[in-house]
Amino acid sequence: MANDVKSAGPRFSVFGPSGKTLGKAVHGSKHWWTQRILTIIGLPLVIFCIFVFAYAAGKGPGGMVAILSKPWITILLGLTCFLMIAHMRYGLQQILEDYVPTKKVRYTMLVFNDAFCAVVAIMIAYAMVRLILFSMMLQTITY
Amino acid sequence: MAQAGDKASRQRPLSPHIQIYGWSWTMVMSGFHRATGFALYFGMGLFALWLVLLTTPSTNELAYWLVSNIIGWIVPFGFSWGLIHHLLGGIRHFIWDMGKGFDPVSRRNMAIYTLVGSTTLTLLLWVVGFMLTR
Numbered sequence: 001m002a003n004d005v006k007s008a009g010p011r012f013s014v015f016g017p018s019g020k021t022l023g024k025a026v027h028g029s030k031h032w033w034t035q036r037i038l039t040i041i042g043l044p045l046v047i048f049c050i051f052v053f054a055y056a057a058g059k060g061p062g063g064m065v066a067i068l069s070k071p072w073i074t075i076l077l078g079l080t081c082f083l084m085i086a087h088m089r090y091g092l093q094q095i096l097e098d099y100v101p102t103k104k105v106r107y108t109m110l111v112f113n114d115a116f117c118a119v120v121a122i123m124i125a126y127a128m129v130r131l132i133l134f135s136m137m138l139q140t141i142t143y
Numbered sequence: 001m002a003q004a005g006d007k008a009s010r011q012r013p014l015s016p017h018i019q020i021y022g023w024s025w026t027m028v029m030s031g032f033h034r035a036t037g038f039a040l041y042f043g044m045g046l047f048a049l050w051l052v053l054l055t056t057p058s059t060n061e062l063a064y065w066l067v068s069n070i071i072g073w074i075v076p077f078g079f080s081w082g083l084i085h086h087l088l089g090g091i092r093h094f095i096w097d098m099g100k101g102f103d104p105v106s107r108r109n110m111a112i113y114t115l116v117g118s119t120t121l122t123l124l125l126w127v128v129g130f131m132l133t134r
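Here the protein sequences line up with chains L and H, keeping their order. Each residue of the first sequence is one higher than the last, beginning at 1 in UniProt numbering. Each residue of the second sequence is one higher than the last, beginning at 1 in UniProt numbering.
Just chain L, same shape as in the assembly (with noise of 0.2 angstroms):
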């Protein structure tokens, strides 16, 4: 009798064979807050950046950098990019936690998107660095 309640028990679950979860409980939720306030700030920010880049095409090379290196439009398009590389890193971990069934797979996958990430932010400080280099040889700094 207690074995046909055991055989009985559901062949699919989210409890796995030793009774565990999957995936941790507090994290989830921390996820799901941290790519809806990322969204809502990085809304009006990318609005912001696609009238920039919109307003700054057909300017020419040294135009469109004399345009992206005001201050204020350097600070905007960073925080701007930043918001949306950790937006992506949470969106890409979704995709690789619902899509990638294998456990060694998905973590290698989920380094190389922090890897991926990271480059990518580097890539922008690059940029935002160069940016301000050029608006500060264009001024004389007297204070």
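Read the hints as simulated data drawn from the structure, not as lab findings. This structure is a prediction, so every number in the text was calculated from the model and none was measured. It is possible that some hints are incorrect.
To be verified - Chain H stretches covered by chain L per the calculated footprint, using a threshold of three residues with CB under 8 angstroms from any CB of chain L:
#1 35-45
#2 52-59
#3 78-87
Where a beta carbon is used, it is the ideal one built from N, C-alpha and C, also for glycine.
Start from chain L and add chain H according to the hints.
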């Protein structure tokens, strides 16, 4: 009795097999949201790379040349459409997060407006952008 049984069996819901699945707007737009997000992930990498080229003095003109011809417009155009589509899809998800727009008519309309809105806004952005630069 037999006729009643047949009638009951006819009213049963059919198994949604992948090839005869009735595609709905919300289902397709859900896929579009994830697909645009996935494409934007790599698009952001290209954007960062292009921004590095643009801000580096020796490659500044190369970066500008890359997006100054019809072939060069394909990637930025696709990126802008994906961005606007994902943005509108995000607003749709916000409305749902607030517990609104769950009725069949609203969610279907919102899904249609996401696609129509993103396509219209992207075309508008590029057409107005070209008119202002010329």
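### Query
Do at least three Cβ atoms from the region 52-59 of chain H come closer than 8 angstroms to Cβ atoms of chain L?
holds (count 4)
### Query
Count the residues of the region 35-45 of chain H with a beta-carbon closer than 8 angstroms to any beta-carbon of chain L: does the count reach three?
holds (count 6)
### Message
Taking 8 angstroms as the Cβ threshold, is the statement that the region 78-87 of chain H is covered by chain L upheld or broken by the three-residue rule?
### Response
holds (count 4)
In summary, the structure agrees with every hint in the numbered list given earlier.
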